[in-house]
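Student: The primary structure of each chain is shown beneath.
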Amino acid sequence: MEALSLREDNGDKTAVVGQNTLQLIAFSIGEQTYGVEITTVREIRAWNGATPLPNTRDFVRGVINLRGTIVPIFDLRARFGDGQTSPTKNHVVVVMSVGDKWVGILVDAVSDILTVSREDIHNVPEGNAIDTELLNGIITHDSRMVGLIDLHAVVNGAKLDG
Amino acid sequence: MSDLDDFKATYFDECSELMNELEEQFAAIEGGERDADRLNAVFRAIHSIKGGAGAFGFSGLVGFAHAYETLLDYVRDGRVEMTDDVVSLCIRANDIVGDYINAAQSGEELAADYGQEEKQRFDAIARGQRGGDEDEWSGEIIEEFDIEFTPVRVELAVDDGDVVEAVEAPVAAEPDTFDAPPMPVEPGHWEVRFTPYRQLYSRANDPLLLFRELAALGEINVRAILTDIPALSDFEPFGVYCSWEISLFAPDLTESAIREVFEFVDGDCSIEVVPLGHVVPPAAAPAPAPVAVVQPAKADENLMALTEDEVAAAPVRLVAEAPSAPVAAEPVAEEPALSFADLANEISASAPPRPVPQAAAPKPAAAPKPAAGGEGGEEGGNRAVGVQSIRVDLDKVDRVVNMVSELVITQSMLTQQMDENLRARYTELVRGLEVLAQTTRGLQDSVMAIRAQPVKSVFSRMPRLVRELATKTGKKIKLETIGENTEIDKTVIEQLSDPLTHMIRNSADHGIEDPEKRKSRGKSEIGTIRLSAEQAGGNILIIVEDDGNGINRERVLQLARDKGLVAPDITPTDEQIDQLIFAPGFSTADAVSDISGRGVGMDVVLSNIKKIGGSVHVRSWTGKGSRVTLRLPLTLAVLDVMLVKVGESPYVVPLSSIVETMQCSGAIFERVPSGGQVLQVRGEYVQVIDVAQRFGMHSNKAPDDRFVVLCESEGSQKVALVVDDIIGQQQVVIKSLEENFEQVEGIAGGTILGDGNVALIVDVQGLRVHQIHQNAA
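Chains A and B supply the protein sequences, listed in that same order. Here the first sequence is numbered in this note's numbering, starting from 32 and rising by one per residue. Here the second sequence is numbered in this note's numbering, starting from 167 and rising by one per residue.
The reader is advised that the hints may include incorrect statements.
To be verified - Ranges between beta-carbon positions, derived for each pair: (1) V558/B <-> R98/A: 24 to 34 Å; (2) H122/A <-> D806/B: 31 to 41 Å; (3) D113/A <-> E275/B: 51 to 61 Å; (4) V558/B <-> S142/A: 45 to 55 Å; (5) S117/A <-> T581/B: 29 to 39 Å; (6) H183/A <-> A194/B: 47 to 57 Å.
Please keep in mind that the hints were generated in silico from the structure rather than gathered at the bench. Just so you know, even glycine gets a beta-carbon here, dropped at the ideal spot from N, CA and C.
Given only the sequences and the hints, what does the whole structure look like? Please build it.
Tutor: Here it is, written out as structure tokens:
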């Protein structure tokens with residue numbers, strides 16, 4: 032599980048919240064809430080346009096300049112197969128580190144920081160390939176379902192012919 | 167621990183430099199330049215490698231290097247002739263030394279008998295030569311590091327001028343021998359004049375060690391000449407102001423053996439070795455009789471004058487014993503001083519010649535002056551001795567380069583902000599900006615020059631590769647290198663090694679034929695691979711040529727069809743077929759050898775070169791050979807580009823590839839059967855690529871309002887890019903897309919514009935190659 036291994040890398044930072052808990056940044060796409068572990072998040076910024084990248088899948092919204100480096104932006108809605116987001120200034124880009132790369136994902140809004148117990152992470156039900164591919168697990172928080180995003184899976188397969 | 171690691175890292179750095187030097191020297195030696203300078207350079211390199219290896223305890227390397235060194239020494243002495251056999255053995259030995267170094271660096275263990283065969287051959291050559299040779303003895307000296315200490319006698323001469331003479335009674339030697347150095351014409355007596363330059367100590371040399379080494383050769387008598395010691399106020403604490411005169415008695419000693427002792431101080435001093443009773447300069451010849459006793463008063467004065475600084479200036483620790491030794495003193499005649507003055511004149515022409523009759527007690531104050539004069543002249547002279555350089559961490563240089571790049575961008579952004587209105591109103595500001603632009607350019611050029619390195623550093627690795635390939639394939643291959651002093655940015659050079667290796671492997675494996683086959687074709691048995699570098703405008707061309715078989719187009723095409731790269735109904739041109747070898751996974755070798763044929767070769771070349779903004783082109787002549795040309799940017803940091811608009815997005819096209827631009831309304835387009843378009847330019851037909859269409863973007867401009875950017879891609883083939891608008895020229899810093907993403911087809915990278923937005927760099931050649939594949943599919 033990606034989230035677990037990441038947590039080990041940053042063990043000292045998350046130690047405060049205890050061995051068995053996990054802090055997530057939660058964000059919304061439409062009605063749905065998703066989360067990523069807080070330690071992977073580098074920066075949250077408002078959508079300010081991106082330079083489109085040709086010859087890539089539709090969920091690659093383009094690249095932005097993040098203090099001198101070029102960072103690709105992934106449209107999470109499009110990645111889930113719900114069509115491209117029509118971004119406004121109110122949309123948000125969450126910049127995260129995946130492995131040694133920095134990527135941004137375009138979401139509708141950032142809603143919350145959640146502290147959840149590891150025991151509350153449920154497996155993704157078998158069935159839809161998109162769900163099992165892109166989610167690491169499912170968490171129930173305040174009787175809402177929060178999908179734990181598998182960042183590696185999101186970033187993969189961005190090339191048109193890949 | 168980490169200190170040791172640092173030292174080791176430095177040692178390995180040096181080793182790789184030395185190995186390069188070896189390759190270079192042997193390339194020349196192989197080419198017939200067998201002069202002493204080259205041999206000495208080789209000898210020094212091996213000696214340095216051995217020395218460091220000893221310090222770190224790499225015993226295998228030390229042993230091998232030692233045997234090698236012994237052979238070289240014989241060659242140097244002329245006792246072994248530098249035949250082709252010896253040369254090729256040496257070249258093989260270099261490779262082994264290289265392997266030892268690599269093994270030491272990576273911590274691997276080489277087989278215990280690695281290099282034994284060569285080592286035995288060294289010994290055999292050396293021994294075969296030594297049989298019955300009376301020189302045997304001196305050979306032994308070099309082999310056995312004889313550290314046994316023979317008493318060294320140091321005299322610190324004082325005349326009524328400034329020469330102090332001190333005497334240590336030797337245990338073994340007859341004082342008389344020393345007191346009368348010019349005992350005439352007995353063989354084995356040598357007079358060595360050792361005149362260090364000022365910087366001797368700063369190069370971590372200690373004369374004492376040299377004297378000890380000399381003492382190991384025979385009986386010696388050392389005298390320090392202190393005439394050049396300046397007054398305390400003019401005294402540079404770490405400078406050397408002494409010179410030494412050493413008389414050496416050792417039978418059967420050759421001059422070169424003596425000079426060898428001074429090997430490591432070569433360039434930091436002047437050495438004169440004169441067999442006594444031969445060519446002694448007339449002035450020194452009638453050397454004085456009985457040696458001087460230090461006159462107490464005089465000595466005190468001198469000691470006062472010299473004191474601590476003297477300790478630093480002249481490591482005559484032996485001298486410290488001098489007073490306790492039976493000291494004989496007598497005004498030393500002026501002649502020796504004179505001869506050393508002459509010597510000093512040799513070193514530094516600016517030093518005024520000392521008047522001959524100086525016996526009449528030169529005033530102490532007079533002495534410093536010539537010395538000081540000499541010092542200035544000497545320092546000036548020394549600067550010319552070696553290229554002065556410093557080792558700087560590449561990271562630091564890179565930081566400067568990055569900052570300068572950003573500065574260039576900012577400057578060009580500022581210039582763009584100046585509209586006509588502002589120009590008219592603020593003339594001073596405009597002038598300032600112009601100066602800034604100039605200075606920035608100059609700064610950028612200078613910084614880039616720091617990072618520029620001759621391609622030699624990559625080229626020099628290739629001869630070994632070719633030798634190995636020749637051995638493995640059983641072919642006869644000769645490598646020629648041309649233009650290896652062409653300078654390219656270090657970052658480009660680093661990216662060159664892999665592509666060059668692949669290209670040369672390819673040439674050796676696929677290009678060059680077997681000797682029999684070559685013979686039957688009327689070619690020389692020895693195949694030639696020519697590696698050359700030259701600068702062409704803002705680019706560097708690296709060309710790998712061979713006189714082999716050329717590309718087997720039938721096979722390539724067949725394979726491409728099999729792999730579905732080319733559709734059955736398409737007949738590509740010869741040139742297009744040649745380019746197919748860059749497709750991933752492509753290999754035409756009949757059998758996968760361990761050299762090449764796995765099909766990962768040429769596409770690595772292409773992707774590596776593309777990554778650094780270069781392009782690759784291959785040409786082939788069936789049966790005659792092939793040529794692969796790499797076109798590389800001079801620098802990676804800043805690129806001159808044309809900013810264009812495609813759809814709503816900014817794109818940049820490298821200026822170096824643009825031939826001309828024109829409006830579509832004035833251009834002549836023609837249709838071709840494939841449905842594509844060609845552009846007619848002055849009777850030439852050029853493939854047209856609509857960038858917007860290719861990139862899947864919508865152009866909302868009327869066709870006639872668009873622009874054509876005529877680009878030259880590799881191999882004089884032009885291509886016309888149709889873009890929506892041309893915005894202007896500027897300089898940009900190339901940013902990698904792969905750093906956070908991956909390579910994208912048709913895009914060579916990204917850059918950040920003055921307004922903070924990202925613009926993508928069009929990969930002109932990539933678009934073209936893609937087009938061919940698309941047509942084919």
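Student: Against this structure, judge whether each hint is valid.
Tutor: Verification of the hints:
Remark: the range hint 24 to 34 Å for V558/B to R98/A is upheld by a beta-carbon distance near 26 Å. Checked against the hint of 31 to 41 Å, the pair H122/A and D806/B passes, with Cβ atoms roughly 36 Å apart. Roughly 59 Å separates the CB atoms of D113/A and E275/B, a value that falls within the hinted 51 to 61 Å. A hinted range of 45 to 55 Å holds for the C-beta pair V558/B and S142/A, which are about 51 Å apart.
Taking the beta carbon of each, S117/A and T581/B are about 37 Å apart, inside 29 to 39 Å as hinted. Distance hint check for H183/A and A194/B: the Cβ-Cβ separation is about 54 Å, which falls inside the suggested range of 47 to 57 Å.
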